[in-house]
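Sequence order for the protein chains is A and B.
Be aware that the first sequence starts at 648, since it is given in my numbering, and climbs by one per residue.
Be aware that the second sequence starts at 1054, since it is given in my numbering, and climbs by one per residue.
Simulated from the structure, these hints should not be mistaken for lab results.
Cβ coordinates follow ideal geometry from the N, Cα and C atoms, glycine included.
Since no wrong hints were added, every one of them can be taken at face value.
Selected chain A positions facing chain B (Cβ under 7 Å, derived; list incomplete):
id: 1; residue: Asn668
id: 2; residue: Ser678
id: 3; residue: Asp680
id: 4; residue: Asn684
id: 5; residue: Lys686
id: 6; residue: Pro699
id: 7; residue: Gln700
id: 8; residue: Ser703
id: 9; residue: Leu704
id: 10; residue: Lys705
id: 11; residue: Asn706
id: 12; residue: Cys707
id: 13; residue: Val709
id: 14; residue: Arg710
id: 15; residue: Val713
One-sided excerpt, in silico: chain B residues whose CB lies under 10 Å from chain A:
id: 16; residue: Thr1067
id: 17; residue: Val1105
id: 18; residue: Glu1136
id: 19; residue: Phe1142
Far from chain B, some chain A residues (derived; all Cβ distances over 12 Å):
id: 20; residue: Met648
id: 21; residue: Ile649
id: 22; residue: Thr721
id: 23; residue: Glu722
id: 24; residue: His723
id: 25; residue: Val724
id: 26; residue: Thr726
id: 27; residue: Glu727
id: 28; residue: Gln730
id: 29; residue: Ala732
id: 30; residue: Ala733
id: 31; residue: Arg734
id: 32; residue: Lys735
id: 33; residue: Asn737
id: 34; residue: Ala739
id: 35; residue: Lys740
Okay, here's what each chain looks like letter by letter:
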Amino acid sequence: MIFYSFFKTLVGKEVAVELKNDVVFTGTLHSVDQYLNVKLLNVKVVNPDKFPQLCSLKNCFVRGSVVRYIQIPTEHVDTELLQDAARKENAAKK
Amino acid sequence: MAATLKEWKNESVTVITCDGRIIVGILAGHDQVQNLVLKDAEERVYSMEEAVELVPLGLYVIRGDNVALVGDSSSWENSLQAEPLPAVFQHVI
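Pulled out of the complex, with its shape left as it was, chain A reads as follows:
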């Protein structure tokens, strides 16, 4: 739940999503769900020379199970808030 809540705070921001098939997309985070499936708007392929077939994609839904990384700009991350949330979740679990 913590990462779902975290990504909900990033809706509207530019993120880069790297999939397990090595494709990297940048786009605006439109929505996320409990499985961390991600919907991105206005996507751009980071390596258009390697994956030219995907350059015509505009909006896409990426299944959470195929995501390797989601790169977020540091200025959008409140690390203290995250640490607090993590601590609370761990305390709740115990």
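With the hints as your guide, set chain B onto chain A.
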């Protein structure tokens, strides 16, 4: 906001499967685990030697486990030559 495929219902979509295939079709149906029903589906096979090969598939059901990405389907360049997409790499123990 939940991420769903609702907005693409009855639209032409591009599906990338976990084995690296690109399938284009009209999204007739879907469920919460991304099982998909595609109408008039066709697979776009890319290679370095030839132009794009279009394989007509008709009515297709794709199990959600194998879906990597679902996107909109805009202009396609049929003369593009490219290496096929890599498969989603999963560790095999």
